[in-house]
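Chains as they are written, first to last, in my numbering: chain A, 1 to 257; chain B, 1 to 234.
Honestly, the hints are just simulated from the structure, not real lab data.
Where hints are given, some of them may not hold.
[Stated by the list, open to error] One side only, chain A facing chain B, incomplete, derived with CB under 8 Å:
| id | residue |
| --- | --- |
| 1 | G70 |
| 2 | R76 |
| 3 | D85 |
| 4 | R94 |
| 5 | P95 |
| 6 | L99 |
| 7 | L106 |
| 8 | Q108 |
| 9 | D109 |
| 10 | M122 |
[As the list claims (entries may be wrong)] Rough simulated footprint, nothing fancy, chain A against chain B, three-plus residues with beta-carbon under 8 Å:
| id | segment |
| --- | --- |
| 11 | 86 to 95 |
| 12 | 177 to 186 |
For glycine and all other residues, C-beta sits at the position ideal for the given N, C-alpha and C.
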Amino acid sequence: MVQTQGHGARTRAHSYPSVSDPVLAEGVARRFAARWALRGVTLSVRRGEVVAIRGSNGSGKSTLLRIIAGALRLTRGTCLVFGHDVGREARFVRPQVGLLGHGASLYQDLSVAENLTFAARMACIAHDPRSISAAIEGVGLTPSANERARNLSSGMQRRVALARLTMCAPKLLLLDEPYNSLDDDGLAVVDKLVRDTRADGGATVIVSHDVDRVSGIADRILTMDDGLLFAGESAAIARDADARAHAPLLLAHDRAR
Amino acid sequence: MSLDPPLGIRDEMSRMRAVAWKDLTAERRSKSNLNGVVFLAVMMLVLFGFALGPDAEALRSAAAGVLWLTILFSGVLAFNRSYQLELEGDALETLLLYPGERWPIFLGKLVANLVFVLLVEVVVVPMASVLYNLAVWRALPSLLTVLVLGTIGFVTLGTFYAAMASRVRAREVLLPLLLFPMLVPLLVASVGATMALLSGNAMGDAASWMRGLAAFDAIYLIASTLAFPYVIEV
């Protein structure tokens, strides 16, 4: 959970973060050239929890997800995933994490089945044609299994990316705008993936503008604004000067500056 | 807390084969790169021939240099394409986030590029032997050894520097600027060995050049494999 004690914080009786939590980030800051994309984010996500993060474009949501995944180095702060530092112990972190980014990350000249076979081989997952077919069937793409990725619509490509995550079954799901380009069946696939991960004791962090959609599945909705993370569903809370004044995140934010 | 242990060497070799398979399959499907590179290589051989004039002796004496420059220039296109595959579908990030070490990704790409450049050479070398009137059959086994040794070193450096340039907007310009200065020792050794073989000195000067090539290959291969995880890091 977000360690805010100010306005908008949702506290739980058993809310103390542990180093073995799926995510334990403290004072995470990231600078791109002269601009601070993250200004000291503190976040804890526990096993079985689904956390949604909303916020305006450029507020730092995707940067935070990529840092947790180990795809981007942080400038300051620490970020542990299941107790392992995402920078220094990345090889222990990578097997636990599945990131769905903005793109589908497919090889355009490989077929759907070949893309998934490659993913299985790279992740060293036991696989055979039947398990690949089952993953494709799970996202409703059986008729397109032998189609090249470049011939698929963006929604279908997104489904292939979801099939890849389903196969890899990560313990920490990081979904960046997962509902983009998807029809109702695709949306259901995302929700099922999140529920399955939760049922297996994993955790999910979803970045989405679609608050209505994520409110049905998330345990907490947080707001990101100008590189800072706030508890609460309302953008008004994030912009509230009093909330900022109470947020301990600002201490880290000031250090980052 | 139980976490999966790091992958074993057998798993890493399997991942290396997967990367090579993926790159070669994508290339086989599109064919755009191979066709373009072979066409460029043939054009370069022809144009160098015109530039050197009709003197058969001048052509023969320049042939080794022309052959290796043709391979080098056409190979650069292949290296750029190798990482373009990853960038097209925004796949590089996902590739780097798979469990395991990064060196199998480098070696997999190296193997795919090696096969690609050797395929180009299958067309270029016979073509050069005809256009430049070279007696390649006389020293074919040794010549093949020189070609393979020189190509391994060239492809190793090319794959490494292409990774370094892959995230830069002007990568097509940057890659030759980074790569060609580093290739000078390899080019000198490759051309020296090829000239020695084509001039009939089958295992005299050629042998020392070939030992040098083997040493360059070993140094480049070890250094690039060790450094790759750092240059591909975000």
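| Given coverage of the segment 177 to 186 of chain B by chain A, checked by CB-CB distance under 8 Å (3 or more) | Since three or more residues must qualify, the claim that chain A covers the segment 177 to 186 of chain B is violated, with 0 doing so at under 8 Å.
| Are Q108 of chain A and chain B close enough, Cβ to Cβ, to be under 8 Å, as the hint says? | 5 Å, holds
| Should the interface hint for D85 of chain A be scored as holding, given a Cβ-Cβ cut-off of 8 Å against chain B? | 13 Å, violated
| request: Count residues of the segment 86 to 95 of chain B with a Cβ under 8 Å from any Cβ of chain A, then say if the count reaches three. | output: holds (count 7)
| task | Under 8 Å, Cβ to Cβ, is where R94 of chain A needs to be relative to chain B, so tell me if that hint holds or is violated. | result | 5 Å, holds
| said: Quick check on the hint: M122 of chain A CB to chain B CB, less than 8 Å? | reply: 4 Å, holds
| query | Would the stated hint for D109 of chain A survive a check requiring a Cβ distance to chain B of less than 8 Å? | reply | 4 Å, holds
| query | Quick one, is the L99 of chain A hint okay against chain B at 8 Å, beta carbons? | reply | Holds, about 6 Å.
| query | Under the criterion of a CB-CB separation shorter than 8 Å, is R76 of chain A in contact with chain B as hinted? | reply | 16 Å, violated
| said: Checking hints one by one. Is L106 of chain A an interface residue toward chain B, by the C-beta closer than 8 Å rule? | reply: 5 Å, holds
| Interface hint outcome for P95 of chain A [beta carbon to chain B under 8 Å] | 4 Å, holds
| Taking the closest Cβ pair, is G70 of chain A under 8 Å from chain B? | Hint holds; G70 of chain A Cβ to chain B Cβ min 7 Å, cut 8 Å.
Against the hints set out earlier in the document, violations occur for numbers 2, 3 and 12.
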